[in-house]
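Fit chains B and C to the known structure of chain A by using the hints.
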Amino acid sequence: MSKPELGVCYYPEHWPESGWTDDAARMVEMGISWVRIGEFAWSRIEPTPGDLRWDWLDTAIEILGEAGLHVVLGTPTATPPRWMVDRHPDMLAVSKDGQPRKFGSRRHYCFSHLGYKDEAKRITELMAKRYGANPHIAAWQTDNEYGCHDTILSYSDAARAAFRVWLRKKYETIDALNTAWGNVFWSMEYNGFDQVDLPNQTVTEPNPAHVMDFRRFSSDQVVDFNRAQCSILRAYTDAPIIHNYMGRITDFDHFAVGADLDIASWDSYPLGFLEDRSDQGEDFKHDYQRQGDPDFQAFHHDLYRAVGGMRNGVSRWWVMEQQPGPVNWAPYNPAPLPGMVRLWTWEAVAHGAEVVSYFRWRQAPFAQEQMHAGLLRPDGVMAEGGAEAARVSKELLALDDADAGPSSVAIVFDYASAWAWETQPQGQDFDYFHLVYDVYRGLRRLGVSVDIVPPSCDDLSDRALVITPGLFAWTDSLRAAMKRFEGQMLIGPRTGSKTDDFAIPASLPPGIDGFDCKVTAVESLRSSGAIDLIDGGCFQIWREFAETSETVTETGSDGHPALITKGKLTYMAGWPDDRAMTRILDKVCKRAGVETTDCQLGYRRRDFGHYTLHMNYGAKAVTHTGILLSPADIALFDNKAQSWIIKPSP
Amino acid sequence: MSKPELGVCYYPEHWPESGWTDDAARMVEMGISWVRIGEFAWSRIEPTPGDLRWDWLDTAIEILGEAGLHVVLGTPTATPPRWMVDRHPDMLAVSKDGQPRKFGSRRHYCFSHLGYKDEAKRITELMAKRYGANPHIAAWQTDNEYGCHDTILSYSDAARAAFRVWLRKKYETIDALNTAWGNVFWSMEYNGFDQVDLPNQTVTEPNPAHVMDFRRFSSDQVVDFNRAQCSILRAYTDAPIIHNYMGRITDFDHFAVGADLDIASWDSYPLGFLEDRSDQGEDFKHDYQRQGDPDFQAFHHDLYRAVGGMRNGVSRWWVMEQQPGPVNWAPYNPAPLPGMVRLWTWEAVAHGAEVVSYFRWRQAPFAQEQMHAGLLRPDGVMAEGGAEAARVSKELLALDDADAGPSSVAIVFDYASAWAWETQPQGQDFDYFHLVYDVYRGLRRLGVSVDIVPPSCDDLSDRALVITPGLFAWTDSLRAAMKRFEGQMLIGPRTGSKTDDFAIPASLPPGIDGFDCKVTAVESLRSSGAIDLIDGGCFQIWREFAETSETVTETGSDGHPALITKGKLTYMAGWPDDRAMTRILDKVCKRAGVETTDCQLGYRRRDFGHYTLHMNYGAKAVTHTGILLSPADIALFDNKAQSWIIKPSP
Amino acid sequence: MSKPELGVCYYPEHWPESGWTDDAARMVEMGISWVRIGEFAWSRIEPTPGDLRWDWLDTAIEILGEAGLHVVLGTPTATPPRWMVDRHPDMLAVSKDGQPRKFGSRRHYCFSHLGYKDEAKRITELMAKRYGANPHIAAWQTDNEYGCHDTILSYSDAARAAFRVWLRKKYETIDALNTAWGNVFWSMEYNGFDQVDLPNQTVTEPNPAHVMDFRRFSSDQVVDFNRAQCSILRAYTDAPIIHNYMGRITDFDHFAVGADLDIASWDSYPLGFLEDRSDQGEDFKHDYQRQGDPDFQAFHHDLYRAVGGMRNGVSRWWVMEQQPGPVNWAPYNPAPLPGMVRLWTWEAVAHGAEVVSYFRWRQAPFAQEQMHAGLLRPDGVMAEGGAEAARVSKELLALDDADAGPSSVAIVFDYASAWAWETQPQGQDFDYFHLVYDVYRGLRRLGVSVDIVPPSCDDLSDRALVITPGLFAWTDSLRAAMKRFEGQMLIGPRTGSKTDDFAIPASLPPGIDGFDCKVTAVESLRSSGAIDLIDGGCFQIWREFAETSETVTETGSDGHPALITKGKLTYMAGWPDDRAMTRILDKVCKRAGVETTDCQLGYRRRDFGHYTLHMNYGAKAVTHTGILLSPADIALFDNKAQSWIIKPSP
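Sequences listed follow chains A, B and C, in order. Reading the first sequence from the start, the letters are residues 1 to 650 in this note's numbering. Reading the second sequence from the start, the letters are residues 651 to 1300 in this note's numbering. Reading the third sequence from the start, the letters are residues 1301 to 1950 in this note's numbering.
Next up, chain A with everything else stripped away, as it sits in the complex (with noise of 0.2 Å):
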């Protein structure tokens, strides 16, 4: 296996020319190998419709190669310029409360209008051609953060026109739509399918099969938006294809675009998603502020492996943005604890990345982002995140295998489910995402390393504990794995709780063949009315009652079943707290042999190839198992050699 190693996002467009070979040269020193450009670069590469102007990135891209750099090269078609918009007037996607999103930032096109598709398709066949066999190239990126700024759902004409499409195409017949969606309640019968409306603007809430079929379109058009690139691209290229997705995006299914790619990549910004997209209370948000959620960007690092996608044994994945210091867009953006961009980058590497690039080279003093940090300063001076980078690329010359390596634990995790419990929380706290990385979490708690597994695995065979919280419908694969998997499997609560159709099974939920227990009721709740349980901790947010002959291992405190076993199989039948979710994980961890510890405060491990590292996330020195680590410090043990590579702090 190749060693992992470092890249930087570049924007030759937005520098003077004559400062490319010097930046290119910066770039190696600091122990850079990688560099993506061109991604947002449409209206210099066409400034006008058919005006192409291919010199500068010629140049550029030549500059950058000559100094050693592989370059990834990126399809501007987040970026279309503002003549596009005169040339389709209605390719805007438009909102839920029907008003228009309109030029002037980026990603203002909808999935479904069929003009800009095709605009999209003529310039990456434009770049292609010219690039495709440049030697410099040694990656494409198609697009930029699928879904950013909420733009998968569209609420277009262009989307109505093609949802009604998509419906024709999997029902055929309006009868067997009516059906499947239970159109006879309130007499929402269709009598054509041009009769269909987008899901937005009801009265009150809309039928959720019917939102949820608009997810899934709205998911595909994503995907064939996707696809239509990567088929042009591979006409002409034989690099491998890359998308970079965003963290906590689940509006579209990553595994199914991840499907028509070479890698998946993630733009990770630690300190952002913890102001922005964590669901953690202000104390941890206080304690962390500096150096991000201790488990976000393991999770997604896990998940995003899994959406690269095992090929010939290998599941290629990488950071393609790493936060390097201050950015401009959380709710507040405070500065990284020296040593954190060291840290995140040494995380990532644990995990398996194949490349950790930073975003951005140089900070840009204009524009949108103009106070999101880069490696360097405004005034060219090297920043903190750049002395670090620099730090992290010596440091990574001492590794001599990283691969990831499969984990004992396994955890599903499903696009489709987000998407179902968006439509129907029944409760308003109940989140798919939350509830399965609170069950990550729980796992990170306890030291081990984990898996991410998609609805379609059909093989197990790897896994002393496979989980599955959450589940909106079995997939026919997972339901063939179960029965041939020899370990312990985790379920619940609200797995298999429809059917594909958004209804409730005729035999309710969980629906295990052999395993005798029903969902007869559920029940939200709110924070101050948890359920507990009597082996301590509770059950909060959800809850659920069943009927079962099998043993009940643990009840809550009113006497209703908690947990139920039979033999390798588990149900939950609740959302347990932090408490409850630790002990219980423990248990079934122990019970498939996976061993455990108990990770306190901001202390955090991840095995990888023949090494162990150890990271401190918390402000705070901590000690674990005798190592002490300072605040934001690392350590990085050879299990194979038996020694420190990177000693712990002193």
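Calculated from the structure, these hints are not laboratory results. Nothing here was measured: the structure is a model prediction, and the numbers come from that model. Glycine residues also receive a C-beta, built at the ideal position from the N, C-alpha and C atoms. Among the hints, erroneous ones may be present.
Beta-carbon label-pair distances, calculated as ranges [said to hold, decoys possible]:
(1) A:Glu282 <-> C:Asp1576: 22 to 28 Å
(2) A:Gln428 <-> B:Asp1050: 42 to 48 Å
(3) A:Asp513 <-> B:Thr709: 36 to 42 Å
(4) A:Ala176 <-> C:Asp1494: 47 to 53 Å
(5) B:His1084 <-> C:Pro1435: 53 to 59 Å
(6) A:Gln428 <-> C:Asp1576: 50 to 56 Å
(7) A:Gln428 <-> B:Met960: 40 to 46 Å
Relative to chain A, chains B and C alone:
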């Protein structure tokens, strides 16, 4: 008087015809006498325009009726089918911010749309013709839950046109309107009725007189819509006509709608309403999360008994939909405490309900309400709510007189006042329903049974005490009744503070003949800014400065009059908190000769016929005057026989 | 200098003509000299297009003038009649989310609409012609409260067209615009001015340079609109022209509008502003709920004195509308503490107000402001505010010199900076007004009288200390004045951090010649994440990392420079909390030779002429340097005669 009976809401169109006979038999077996059907079935009655399909409905009525059930048949006008919107694209209501409220759920019509009004009359007449003489049809329901999902106010073109017609009829000349509204203020004068727009999207607040007329108009549109159906039905049937109102909806005048009906009914969802429509804080919501607010159902029972209206000495009212388990639509949806379905049913009976009808028979596994419990689970097994209903049906047999009878204490409830103070709260916490309900709760805590009366009431002679909190403007009938009245009256705050034209009366409020008192200024208060009263408790939210030569029987800590009394009249110059409310109400009750008792915690009582029902709404056991009640338990005492019919908890 | 006088706002059109003479007599009797009329009377002056009715206004002016009152006549352009919207349907402003802001209240016009601009000029000229030479008209008011109800920014078609014209004038070529805005970022480059849209409804944030130009444009539209009226008026009258500004409105450049006027005035609603426009928390709002924020009025008095502008050594300003009792428009509307109307009036006088004019004469019983107190109650009886005004009118006679004089301490206030940081707060708590006001409050707590100066100020020679918090971009005049200035300067945070084009300066902020300091990074902080300062207090909300070779006189607890000093210059690298602010301001005041004193609680003081006014804004008695003041009381000391004119509380 006939004994109270049980009913259920049933949707034969949701289930295979093969199961209808069995369903009917099980209903009867459970002690159910009434079954409501049809109110959402338009798309099955008329799948395409003019294609009428009566067979299935004929069959369903026949099966249910033959099983011995009385059928309530609903007009299906709350759910026009999709093809209706093709016929009348502008029939949709429009939201305050100018957005269409689209097809895809229910209630997607504007009350002012003439085309849809005709369609509603057409389908009503078709149904009336076919079933008006059917012996199984024992009652009719018009539409369903007027006002649910905020559907009274529409800002559509149809509403604008109708509003202009309504104004022209009311004012005759535009000068009269300009004068009545005070449009000279801010040069808002109109030159003609066609210049008057709906009062939304104005730069800052519109003229309150403008809004008030729009609110009156909007209420009148509901009255007209409902009256049109009643007129048609009466031509074909002698069965009583009912509408099912909702909880805490004040957007139209229920007394006015009720005047065209024979029976008032409401849909009682104690847990949903606690979460969704309560002014109480988190602690309260936690304490009652599985029981509901202990006064909310009682208030609505008393309100809708009044809306039912006195005819031949009887005011007829039902619970048309009674929550039987967890629902799906509140922010949190917990399961009721075991026993609560029984308690809720008994409580309705104690307030004079003729029928308590559960919503719904079997939980539907599909569409919007798939998470809403029924008496049966989706798999047809009886749910806990079903078992409790069956128990009540047997218990009810012991009653021989369930007459609610008149109470000695009455509160005036006025929908127009709710519109007025919503239009001009003057302080953000001022809410008319909240104020009246605070008075009601105060009386309930004193164990007093209460009647609600409308502002059109012209006879108070049965009463010992009448209370008029927050009455916008005096009505002639009430003024006349007051003059003749010999009991105690507690008036204010804010009562009589406006003319009908939404202006301050020339001689200042409250404007009571022979009571020398002028409210010279008012103030609204933040929660921390309450004014202590010298005898305990405080005025919160609202306080008035009054000039008076009458007796000041209590003052605020700053010396301003709080209670002003002359003979039978007491004016209350502020909004008392719970402590002051209890104290003040206790004082006026004593003066009126009304007996009080201190109902702590969840204990509540209600006198009816020759019985007293004791209830424990609390989650803990409670003892009151020696009567111990377990959580959710009831006891029923026969005051004539001086014996327990249902004994207290042992 | 003439003595300060009292005025009142009066609406003869609201009352029967028969009462005007009596009203005028009572005004004079109360000691009122000025009366403002006409500003909302368009529909009475011109009921239908072209039908002018001057008679009633002639009469009103005659009656008021003959009674001895000076009349301020307002142009009625804030309330175009309904027929105007028929003539110019597209004259309405459009909200940021694309909705029209309709007729039915006031300010329903877009400043960019050419048709309405012409109408405004037409009515102004008609009034100027008729009354320009009328001897009773002693001043004119243009329009009313520009910017009230968020009416400066309009996203209408008219605004878009005008913005394009404005941009073309500023940039001449589209390339210049693209370069200035940095539109290469995200391919936002335009091919022509006609492609530039207004910066609303973009997918994510628009380019800050785009927004900043839109803010400048929007402010310029107000200047133009106001100037057009001034030009017309000047052709017909020599009376001074005034506009009445509001509190905490920064959406247009008041200095620029003020340059066309003779007198600045503002509408002072201390209780309304406390509830509606204060950054302070619940405790503060409770403590001052009946008095108002003790510094808010003073700040605006000083600000509008500066907006009035220095002409012949005098800066003329008024309070045009003074709150006289409870108002109707804040979230809560309590009554003022007895004495506060007197205190507010005296405070304005102490800041140099020529006239303090109450809003309004008699409380109107109808329309939007029926709950807004006047000097008289709706029934014509004098209200408490009226009695206090009458008292002040007598007290004022004792003054012989009320000149506000220049203060030794000045704060630069810059409207463009408010736009800049609203456009790019970078942390959600960063607000320019809040920052400047925190500095002002700090000085007031030290008993220091303050002047506000505009960023166009080119002479600081009168000052001992000048403070420039959060100044977006240096102006040439200020840079020049600084060079010549010999007093102390306290600069920052965020001062000089942008170029005029909204970019980070090439050599990094703050960019002061001869002061070696570079802000290399910044961070925004959640409230719990403040940085302690080693000498006490902390930096909150905002903190900067500075590289410097100058003297670091204070650091944060993490060692980063907090205060950097070189000679007369001190740079403050963060936003101090109250404790640190007081300490730092005290230090620079002492260095500048400015005397300070510790004003605790609600005690405040103001030096003017040869007087010192002592005030107690608190609800409890306070003693300062031996002076005891009851709540809401004042005392006035004659420093020349060394005697009390108004004695402290006994």
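Verification of the hints:
In this structure the supplied range 22 to 28 Å holds for A:Glu282 paired with C:Asp1576, their Cβ-Cβ distance being about 26 Å. Taken as a hint, the range 42 to 48 Å holds for the pair A:Gln428 and B:Asp1050, whose Cβ atoms sit roughly 46 Å apart. For the pair A:Asp513 and B:Thr709, the beta carbons lie near 38 Å from each other, so the given range of 36 to 42 Å is met. A beta carbon spacing of about 49 Å between A:Ala176 and C:Asp1494 agrees with the range 47 to 53 Å that was offered as a hint.
One distance hint, 53 to 59 Å for the beta-carbon pair B:His1084 and C:Pro1435, holds here, with the actual separation near 56 Å. Hint check: A:Gln428 to C:Asp1576, Cβ distance near 30 Å, so the stated range 50 to 56 Å is violated. At about 42 Å, the beta-carbon gap between A:Gln428 and B:Met960 stays in the expected band of 40 to 46 Å.
The structure shown violates just one earlier hint, number 6.
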